[in-house]
Each structure stands twice: as C-alpha cells, then as structure tokens.
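Novice: Below are the chains, spelled out letter by letter.
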Amino acid sequence: MSAVQPVSALRAQTPLVSVEDLTVEFPLGRGVTVHAVSGVSFDIFPGETLGLVGESGCGKSTTARAIMQLPPPTSGRVTIAGAEITALGSVALREQRRHFQMIFQDPISSLNPRRNVADIVSMPLDVLGEGTREERLARTREVLDAVGLDAETAMERRPFQFSGGQCQRISIARALVVNPSVLICDEPVSALDVSIQAQIVNLLQDMKARYELTMLFISHDLSVVKNVCDRVAVMYLGRICELTDSETLYRAPAHPYTAALMSAIPEPDPTKPLRTVAMKDGELPSASQPPPGCRFHTRCPHAEDRCLVDVPPIVELTPGHQVACHFPINNA
Amino acid sequence: MRTVRAPVNAPRPEPLLVVERLYTHFQTDRGLVRAVDGVSFTLEQGVTLGLVGESGCGKTILCRTLMGLLPPSAKIPGDAVVRFDGNDLRRLSEKALRSIRGKDVAMIFQDPMTSLNPVMTVGAQISESLRLHLKYSKTDARDRSVELLQAVGIPAPQRRFNEYPHQLSGGIRQRVAIAIALACEPKLLIADEPTTALDVTVQAGILDLLQREQGDRTMSMILITHDLGVVAGRTDEIAVMYAGKMVERAPTRNVFQDTRMPYTRALIDSIPLLEQATHTRLSTIPGQPPNLIHPPPGCRFAPRCGRVDERCRAEEPELRSTEPPDHLFACWHPA
Chain A
1 MSAVQPVSAL RAQTPLVSVE DLTVEFPLGR GVTVHAVSGV SFDIFPGETL
51 GLVGESGCGK STTARAIMQL PPPTSGRVTI AGAEITALGS VALREQRRHF
101 QMIFQDPISS LNPRRNVADI VSMPLDVLGE GTREERLART REVLDAVGLD
151 AETAMERRPF QFSGGQCQRI SIARALVVNP SVLICDEPVS ALDVSIQAQI
201 VNLLQDMKAR YELTMLFISH DLSVVKNVCD RVAVMYLGRI CELTDSETLY
251 RAPAHPYTAA LMSAIPEPDP TKPLRTVAMK DGELPSASQP PPGCRFHTRC
301 PHAEDRCLVD VPPIVELTPG HQVACHFPIN NA
Chain B
1 MRTVRAPVNA PRPEPLLVVE RLYTHFQTDR GLVRAVDGVS FTLEQGVTLG
51 LVGESGCGKT ILCRTLMGLL PPSAKIPGDA VVRFDGNDLR RLSEKALRSI
101 RGKDVAMIFQ DPMTSLNPVM TVGAQISESL RLHLKYSKTD ARDRSVELLQ
151 AVGIPAPQRR FNEYPHQLSG GIRQRVAIAI ALACEPKLLI ADEPTTALDV
201 TVQAGILDLL QREQGDRTMS MILITHDLGV VAGRTDEIAV MYAGKMVERA
251 PTRNVFQDTR MPYTRALIDS IPLLEQATHT RLSTIPGQPP NLIHPPPGCR
301 FAPRCGRVDE RCRAEEPELR STEPPDHLFA CWHPA
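These protein sequences, in sequence, are chains A and B. Take the first sequence: its letters are residues 1 to 332, numbered as in this note's numbering. Take the second sequence: its letters are residues 1 to 335, numbered as in this note's numbering.
Please note that the accuracy of each hint is not assured.
To be verified - Restraint-style ranges between C-beta atoms, simulated for each label pair:
(1) R30(B) - L70(A): 33 to 43 Å
(2) D119(A) - E163(B): 45 to 55 Å
(3) T196(B) - S288(A): 23 to 33 Å
(4) R21(B) - E156(A): 35 to 45 Å
(5) P286(B) - L70(A): 29 to 39 Å
Simulated from the structure, these hints should not be mistaken for laboratory data. Predicted model only: the values in this text are computed from it and were never measured. Cβ atoms here follow ideal geometry from the backbone N, Cα and C, with glycine treated the same way.
This is chain B alone, in the form it adopts within the complex:
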C-alpha cells in the first residue's frame, strides 16, 4: 500500500484513479438516456476533488459507475477505462470488485437513514467490514469500531455501539456512515452530497471531519455536491458537470477566480451572497438543463449561453486547456 506521497521532483506515479471515455447510458421506454456521456479525468493521491453540477447532470451516476453500483438497465458502451490503483475495474470479476469496494474505495451517501441498515446495530455495521475485509476477530473489531466512533466525534461511543440507526439524529447517523467508510482505511472516499440533508451547523462539523480525516490519511476524496459554497473552502480541485459532460476542471481557486466556462460562471453568479444588499436581483440562467435523451447538438450549454454563436450550436467543444495547463474547459468562447 502506498502511504507516502512521492517527492515533487520524482517522476510522477500513475494517478490513483484514471477514467477514460466513460459513457453510462440507460435504456428507458422514452429512449436512451445519456446520463454520463464521455467523461475522462484523473485523480491524484491525497487530492480532494469537488464534483459539482445541478441535479441530473450525471455526477452521482458517474461515481456509481466507478464503484460498479449501477442498476441492470445501465449500459457502458465503448472502450471505457476505469483504472484504480493499477487495476482496471472494468475488467475485474464481481468477486474481485467486491474486495475493493468498501475496502480501498468507500462511499457515503446523502441520506444516512437509507444507507444504514435499520435492523443492525451501529457497532455490527462497522465491525462487519472490518471482519470481512481485514479479517479482524470479533473482539478486535469491537475495539476498533469504538475507536472509530470516537474518532468521528460521536459522544459516548461505547453506548452508541449497541444502538440502532433510528435512535440517532441525522448528524450522528452521517458520522456513523463516515466511520463505516473509513474503517478499512480506503484510498479513495466518494462522498455523494454528504451534508445536503443536514442543518448548516451540523454540515460544518461533518465537512470539518471529512477534511481532517482526508488530510490525516492522505486519502483521495471525491466530494459530490450541488452547493458551490460547500466545495469552495474544502477541495483542492473542482470538476463541473453539465448534461453528462465534464465542462470545466481546475484547481479550486481558479474555478472561482478565473472561471473560463460560461456555465460555471453563470452558476457561481446565481448564488445569493451574504455581502450583497437585501433585494439584490440575482442573475439567472435562462431555460433549463437539456433533455438527456435528445441533447442539443454542439455544446450542450449553447441554448442557455450568453456567448453562443453558430459554431457552438454545430460543433461540440472538447475539454482542453490553454494557460495554465491544469485548467481545463470545454468551450469555444471561454471568458
């Protein structure tokens, strides 16, 4: 297991996660839904990536595809590559995948009430993955579980160990879900809207916890959210998705301060700010996200974009960079 980050000058090892030409389509009665439509990206070790976009843009389906957690109606056409820590996950057997999932890659979900098992105690759910993946004995698993509950900031962990999810508040439940996810020291944690269902003061605590655990473990993290405020202070890089495509990818600061893609700009501008005076008119994005069965030709944001011209409606822009090279965007007329 690689635990130490390579020195800056050394030849760069392969990123922890490499995704190439990934398509995830769903056959439905109304037609083929192109939920994820050609996404390529890499994620380095120890980096937190914010995956941002509006509902239906494909961010959750993208991560479920990485984890191999798709419903049977999903199809992954073409020669997609998902290489994680040297393994091509697309070629692994279900059994081999299962030994990676929950161990090297862990996931936490928006609603901890539905992701936790309601008829198992909290302790049993944490111990389960320790015993399955790390072959802990029953007593060792118990001790380690209590430690984990303590580490995620749960008061009275000994008592909580024997409680059921319905006895816990939303914030504590999400902390339990995080404890389960961290139990096997994953190399990658995928957090899908981990704080969307929580109150703002509880949200701050959960985000602090994730940030601390990520830093302590040099774990990589993908933080999926629709809230640009959540990713602003908590991520190294941001990827913005729109209608199944990745449309901008850059270090967090650049995304906010040197935005290239008009969609990202419009999204940031439509957030009400505390500094603004009351009754400041918000800037809006006209129209709605496109239908993923018949996406518009050319750039998918073209029908709603202020900088649109003929080329945007005809030719699809690739994700590219100019200067700096780590700032990628998919736009013919970047800002």
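With the rest of the complex left out, here is chain A:
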C-alpha cells in the first residue's frame, strides 16, 4: 500500500510528523510472523492532535512505539521536524528524542518506584546533559507546577505516595521537561476514573496550548478521542481504514468498520435507543494470519467477492477524508 497524498494538499504548512508506509512485523518462529502494522501512512501537522483509534490488537500502540523507535519499525519512514528518525544512528537518535516524547497508559508502572519525583522528572535532562544540576532542578520545578503538582512537596516523594491521576501528571511532566514539540500519548486516561480522566484530558489540552505541542493521541475510548483530536485515524488489524476530521468521522463514517465502532459506543443517555450495527462474528482475526483482500471482510456486513481478494487502497473520498474500502458508505 503506497502513501497517498493526504490533506497536506489542503494545508499550506508542511507536516511536523510524517509516517510513510510503516510496517512492523514480529517473527514468532516456525515461519510464523505477526503482521502488527502493515503499510501505515499519515501526517501530523503543527499544532494538531491526531487520534489513533481501534480495538485491542489493531496495532495502534505498536504504531506509536515504532514512531518512538521502541523498537524501530521493520520498514517504512518516520520524519519528525525535518529529521528522518528511521535513518539515524543511536547517538543522533538520542539527541533527536528531545523533540518527541511519550506518555503511557499505566501511570504507576511507567514510573520507577525507587526514585523520587525530582529524579524521575529530571532524568531526560540528565540524559541529554542539559545545563547545570541547578538549572535542571529549576526546570523540573517549573514543569511540575505546570502540570498542577506542588513542586516543593512532590520533588522528594516517591510514586507510591501519589494517586493514579497524580502519577499521570508526573509522567506528563517528565515528557515535557525537555520541551518537546511532539507528544505521543498512548491511552493516557484509560486507567483513570472518569472524574480524574476529565482532569487529565483538560491538562493535556492546557499543556498543548502552553507548550505548543503537536500530539498523537491513542485511545480505545471514542468519546475521549472526539473531545481531544482534530483528526482521527481508525485502525483495523494493522491497517488504517479511515482517516478524517473528527467531526466528519462521527457524523458520517464511510468505512463499515468505523460505522460499527461508532454504533457500539455506550452513551450516558438512557433515552437514546441502542442501535448497534451488527458485525459478523464479533472476534478479531489473528494478526499472524491476516485475511487476504480487505482485512475487515470476515466481519464486514457489506463484504462482496472483490473484498476477499483485492486489498482496498486508501483513497480520498472527499478532500481530507481518506477511506480504504471498495464499497464505502454513502452518507450523502
């Protein structure tokens, strides 16, 4: 699947993050390979938040990790702020990492339990050898205050002394301490209670404005994604099946999988009728033996003979609305 000219044609600016034909495969031995990500391409423009949604096992976290080079992808190109990350050696890559940072789903296990918060948050600066010890601590204090923690009392404490929401604030501070331009968020609020989730979502929006961040936001919670993201890419079994602005995606999904996904969102309104779009056999096929043709055809209610054979290319349905489907839903 080749990279399609995406909405960049519509935008005067050049993308800050460019992912081209990203493929990640894991050999399992005995000739079996897991095709976790297969030919994924997208751009993220400066100041934009791109959402990446899909069910567990669809490759969204693997995509994020491949962008971070944790581990590097099997093939494909990742360009961030003009530098081709996938072509860099380890020393140059480490230097370049100041531009892109990541936060993870489980805020408690992503922090070292034996270190205090000052050490945890200042670590990226230590690795980069930035400034003096005093300057690094001053910067640490500044970001801790920015994420809503009382830096003076937090610095000497260890992760177990904080709640899940506070730990996620510490993770965000650690990511922001090197002043990155790109923040990759992998399910940052999925482990949090709804009242804390709202605090962290708002905090991410504030941090985005304050530090002029560009974000890749991964979540399986489609309501959160709608709130946070300007554009959304929907992934299914290692491929992008639809990519458009979030308003269009929710109002007029063109891919049958997106439509099914949207219909299954439980909404907190008892007057709304439940209207789940049925999919054939609710299980995801294995990524070690992805179905030929369109990978969604085994569950698609509209699948025809052609879908079993031909891989649908990702095409632009309307300007800025990309779909990989032979028979997209006509919402007109």
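Fit chain B to the given chain A structure using the hints.
Specialist: Chain B alone, transformed into the frame defined by chain A:
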C-alpha cells in the same frame, strides 16, 4: 421457586434481596478501612440495578459481602442483615451458603481469564455446577452445557466444549463465564465490571446477551460498573456509591434527567459526549475521593462539592426521598 412476577395490584411480596445496615471493614497496618460503611437497599425480582461509582468506592466489596466472598481480614460489625429470597445469609452456615452461591446467586467478574480455571476445559467448568447443584448425570450435563454455550452466542459449541480458556478470545471467555453463571438458573446475577476488559464492539454484544438473558428469566441483576454509558441503556435502576456509602438511588431515567445528588451530577458532567464539539472543556471534580481510613466528617463528598456549607461538613446526610418517593439521595442541598 417463584418464577412469575406478582400482579401489580397484589400486596408486594418481599423483595428478592434486602440489605440493611451493612458495614464491611478491613483491619490494615495503617488503620481500619471502611470499605462499605452503612449501606441499606432492596432489589426486587426481575430488576436490573446498575451499581456505579469510582474505583475504591466500595461497589465490589459490597457485592462480595453479599456473596460471602470476603478475605479473612474483613469484619462485618453491627447487626447487618442480608436477606435473600427469605434466607438471612448472615446467619447461614458455610455449607448452606455454598448451596446458594453459584446456584441461586451467581457472579461474573471483570477478568474472565482469572475467573475461569485454566486447567479445566470449558465444558467441565459448566458441567461442574450442573452436576453439583442440580445433580445432573454426566451426559445430561454435557448436553445442557452445549446448549448453554449455544445460548450465549458461542459459535461451534461442540468444539468449544473441549477447549481450555487460553484457547479463547476475551469476548468468548466472558461468554463462557456467563454460561457458567446462568447454568443453574440463578435468581440473582451479580456482574462485576463484566465488559471493562473488552473492546467496545465486544462489550455491546455481551451487554445485549446479559439484557436478553435477564429478561427471559425474570432474573434480578446487579451490574457493577464505573461507566455511566454502560448502565444508561441497560438498567432499570441505578445506585451511585461514593466512599463506602450509597449516595443516590433512583430509576435510571431519573438519575440522568433529574439528578439530585451533586456527586452524581458532577460524575455525569465529567463524561465527554459525542455531541460536543472537539476541544470542549470537560467539567471536572476537583480533588480526589477521600481516604477510607479517615473519611471526612459530615457528607463525604463535602470537600469536593460546589454546594457545600457548614452543615455538610458537620452532619452526615441520610439517604432520603422527597418526590417521587422512589428517588433516594443523601444530600442536604439537592439540586
């Protein structure tokens, strides 16, 4: 066994489940944790109750207390009453309890991988309760198990019967757990976050299944969840818990449309909605849930509440109702 619901005009029979003054405390090194701190409620036959609250509010411990599935460190002080189908479960022997648990009251858990036995086939696990409680013969149990697997929407039930849990996906595993729970036709099914570990499309299928089975059997159900979206379309009534207390209890529609308790309102308001435009600022609840070792005096939500005054910080509000009488709330200044 009562299987038919009493006519509306007849004098109401006793509810299927009556819980009064229930406290569940844990002695820990740091002090006494008041996980459930004075909960009273009833559940009618054939009703689905959504039990909602944030992690640590006591919803799971409350249900484990009902089932008698508490660790030894748990203490139930006072004169708590748990009356189920006429039996006071608090006074029953472990042996008598065991004949009720898994038969008349069944439970399904969040993670089907840990609740299923990894070294027993799916079929053996379903047959086990049929043979134990209903004294089925081996072949009858097998036939009935395959029927149950079919009923919960598992394709190729004959083949699945001989498979082990690790061979199944998360959604199928949870369907197996439901088949086991329904095997003995329970009068009450307690589902503790049954879909939290599952994908949204799989979740919809599991919730549909539970709703259908509940309706077909006039079984009562307690659906525990932290997700207000899950309970909105699927329950008759909702009980909201906060810091070990039940703070609001009403028919589902009233909870959402005529919310009385400020905590419930704040919880609903903090959910991002699909209708909202992108980047809509979410309303948040400041602070965090209180420590259950030293809960604040008065109303436990007072430190985070926008309507708080002196009385809230001093006096604890009881669960009461004004109009309509089936809408209970624990607040001095209801909305």
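Novice: When the structure is checked against the list of hints, which entries are broken? Sort them ascending.
Specialist: none
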